[in-house]
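Undergrad: Now for the letters of each chain:
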Amino acid sequence: MIRYMIVQNVLHRPLRTFITVLAVAVEVTLVIIVVGLTSGLLAESAKRIEGVGADIMVQPPSASVFMAFSGAPMPIAIADKLSQLEYVQAVAPVLLQFNSNGLEIIYGIDQESFLAVTGGFVFHEGHDLQGPNDILVDDVYARSKKIKLGQTLRLFDHDFHVVGIVEHGKGARLFVFLSTLQEMAGAHDKASVFFIKCDRTDHTPAVIDAIKQLLPRYEVRPLKDFISLMTSSNLPGLGAFINVMIGIAVVIGFLVIFLSMYTTIIERTREIGVLKSLGASKGYIVRIVLSETTLLCIGGAVAGVGLSYLMSAIFIKLFPTLTILITPLWVLRAGLIAIVGGLLGAAYPAWMASRKDPVEALAYE
Amino acid sequence: MLKPTRIFPSSNSPTLAGERLLEPILQTENLWKVYRQGKVEVPALRGVSIEIFPGEFVSIMGPSGCGKSTMLHVIGGLAQATSGRVLLDGNDLTTMSDSARTLLRRHKVGFVFQRFNLLPTLDAYHNITLAQHIHGNGFDPHRFQVVADLLGLSGRLKHKPSELSGGEQQRVALARAIVSEPKIVLADEPTGNLDTKSSEAVLGLLRQLNQDLGQTIVMITHNPEAAAYGHRVLHMRDGEVVDGSSVH
Ligand SMILES: Nc1ncnc2c1ncn2[C@@H]1O[C@H](COP(=O)(O)OP(=O)(O)O)[C@@H](O)[C@H]1O
Ligand SMILES: [Mg+2]
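Those protein sequence lines, which keep their order, are chains U and E. Mapping of the first sequence onto our numbering: position 337 corresponds to residue 337, and the numbering continues sequentially without gaps. Mapping of the second sequence onto our numbering: position 162 corresponds to residue 527, and the numbering continues sequentially without gaps.
Calculated from the structure, these hints are not laboratory results. Just so it is clear, the structure is predicted and the values come from calculations on it, not from any experiment. Every residue gets a Cβ at the ideal spot worked out from N, C-alpha and C, and that includes glycine. Careful, some of the hints might be misleading.
Ranges of calculated distance between the beta carbons of each label pair, as one might list FRET restraints [stated by the list, open to error]:
1. U/E267 <-> E/E565: 28 to 36 Å
2. E/R508 <-> U/R333: 46 to 54 Å
3. U/I298 <-> E/S462: 57 to 65 Å
4. E/E528 <-> U/M1: 42 to 50 Å
5. U/T327 <-> E/P485: 42 to 50 Å
6. E/K404 <-> U/F241: 56 to 64 Å
7. U/T263 <-> E/S530: 55 to 63 Å
8. U/L11 <-> E/L578: 32 to 40 Å
9. U/R333 <-> E/E406: 17 to 25 Å
10. U/G239 <-> E/K523: 54 to 62 Å
Pairs of lysine to any residue residues, derived as SDA-like cross-links and limited to a Cα-Cα distance of at most 20 Å, are as follows [stated by the list, open to error]:
11. U/K282 <-> E/G503
12. U/K282 <-> E/K523
13. U/K356 <-> E/S462
14. E/K523 <-> U/H12
15. U/K356 <-> E/Y400
16. E/K525 <-> U/M1
17. E/K525 <-> U/K282
18. U/K282 <-> E/L468
Assemble the whole structure, with the sequences as input and the hints as a guide.
TA: Structure representation (structure tokens):
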């Protein structure tokens, strides 16, 4: 009965229903896209770092797993010490620069050691770095920026010569000589990270112990479960950002539902009086209002999930380097957030409806 | 007949149309209702004492503003009295909490209003079954059929109020009022918005409900012809019942 009644109510004011559902949908989409974009970004860069093929990553003390945001490079001489450790097959020093312009990371690599650790690039076109101004770009970057082999690419006020287009997945999308990047960054003989390849994978824990003895305060991480480390909770700023965005979404949903139910209840004042004259309790009236809210929110959540997939498809089309990760967990969470926020928004209107005076309500024009 | 409920023990007396039994179904004693408008006090009821017996059909007449609607609201448990007593089927409404009066309305009272007051989004069928749903005993198809047939609604059940004539709407409202077998039907100018023909139909149905089902009815009206459908007429003036003796 209540179900039939709320469906009729919702159909009775199609525009109000549409606007409310749309607002909830936008709320849900905002949550899903923000979370999907950040976790997509993280997962994607984690995958690329795993794709380097190293077993261990060494970073300066208290560096974040998000290498792009870590400063304070280490002396490159450490590489020599590391390569003398038992079971270490190769050590590749890499200097990172963050190109804030295109949100891209550039690796300054020592080609020989990088090759030894990663097993080498797969070239779609072109060849290795040869001159100091040479640059390699990966296929995804080349496709999205429409970059052709042999063209000039301007980064950090520096003209690079695109000499090779390589298969993506080797840590970054852009590679230049270590010495070139050191010079540009004023970081002579410095590296941001050392990638280490062990002679056998099962020697990794032993090597990590040895490095920790050698460099006590340095961050030493195995790359095997790197993706699990790359979560927003490991980057406090990002976690806060996500929470703020979710908070904004919830406030939007809360306000829209509040206003929608508030006006609905004023509009239906006389009907509430009728229900009361029939002996409907306060609980009965609260139940009607909250059921209707739940219906609107579920509609909004379903529409929001659809809208999220649509938006993500459009995003990916416009920005091919982006990854948006839509997980069932967050679809569910976004839906629940919308429903809970909506019910909170409807709480006051429902309470207001339940305690209307029946005689006054019946006299309402 | 009417089922006794656990919450409000019923007098349980067998009732017959028109027959007076000793126990009134409704009784008021020195009933006062004073509205407060800012600093001004408006006494709408000034010491009303009446008795309504099971199976009676009582009309209330009186000039506009004399307190008829107020009295109906107070005896039906929609509004709280200022002082005095209202006994409905043995329950004193004036000492009851808001939620207890809600329960009492649900189980013992059926309201009919001048403006029909059907829910505009629901069809006739759901307007009627809504009352059964609120009543809490669920859908009773037998009772529903009896009521729908009696009020001649069987062909109009799928229609929304906006698709029904005034007379039809009031018949649906009447069905809604009696479908959960109330002890008393309180009708506030039920024909006030109807043309003569529809009025006669509705009044005829009220009389039929009273005669065939023994339904106790209190009806407010402006119209002496309408009032004549009842067994007796209570005349009100300035918040008082001035003459309750005229029996037809
Ligand atoms: N909510 C209210 N506040 C103040 N005065 C009211 C209210 N309702 C009714 N009254 C007053 O009480 C008196 C009786 O009203 P009412 O019972 O509606 O009369 P009737 O139904 O006989 O026309 C009138 O003087 C009216 O103005
Ligand atoms: Mg009136």
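Undergrad: A separate judgement is required for each hint: does it hold in the structure or not?
TA: Right, here's what the structure says about each hint:
no., hint, in the structure
1, U/E267 <-> E/E565: 28 to 36 Å, "35 Å, holds"
2, E/R508 <-> U/R333: 46 to 54 Å, "47 Å, holds"
3, U/I298 <-> E/S462: 57 to 65 Å, "36 Å, violated"
4, E/E528 <-> U/M1: 42 to 50 Å, "21 Å, violated"
5, U/T327 <-> E/P485: 42 to 50 Å, "44 Å, holds"
6, E/K404 <-> U/F241: 56 to 64 Å, "58 Å, holds"
7, U/T263 <-> E/S530: 55 to 63 Å, "31 Å, violated"
8, U/L11 <-> E/L578: 32 to 40 Å, "36 Å, holds"
9, U/R333 <-> E/E406: 17 to 25 Å, "57 Å, violated"
10, U/G239 <-> E/K523: 54 to 62 Å, "56 Å, holds"
11, U/K282 <-> E/G503, "19 Å, holds"
12, U/K282 <-> E/K523, "29 Å, violated"
13, U/K356 <-> E/S462, "15 Å, holds"
14, E/K523 <-> U/H12, "16 Å, holds"
15, U/K356 <-> E/Y400, "17 Å, holds"
16, E/K525 <-> U/M1, "16 Å, holds"
17, E/K525 <-> U/K282, "26 Å, violated"
18, U/K282 <-> E/L468, "11 Å, holds"
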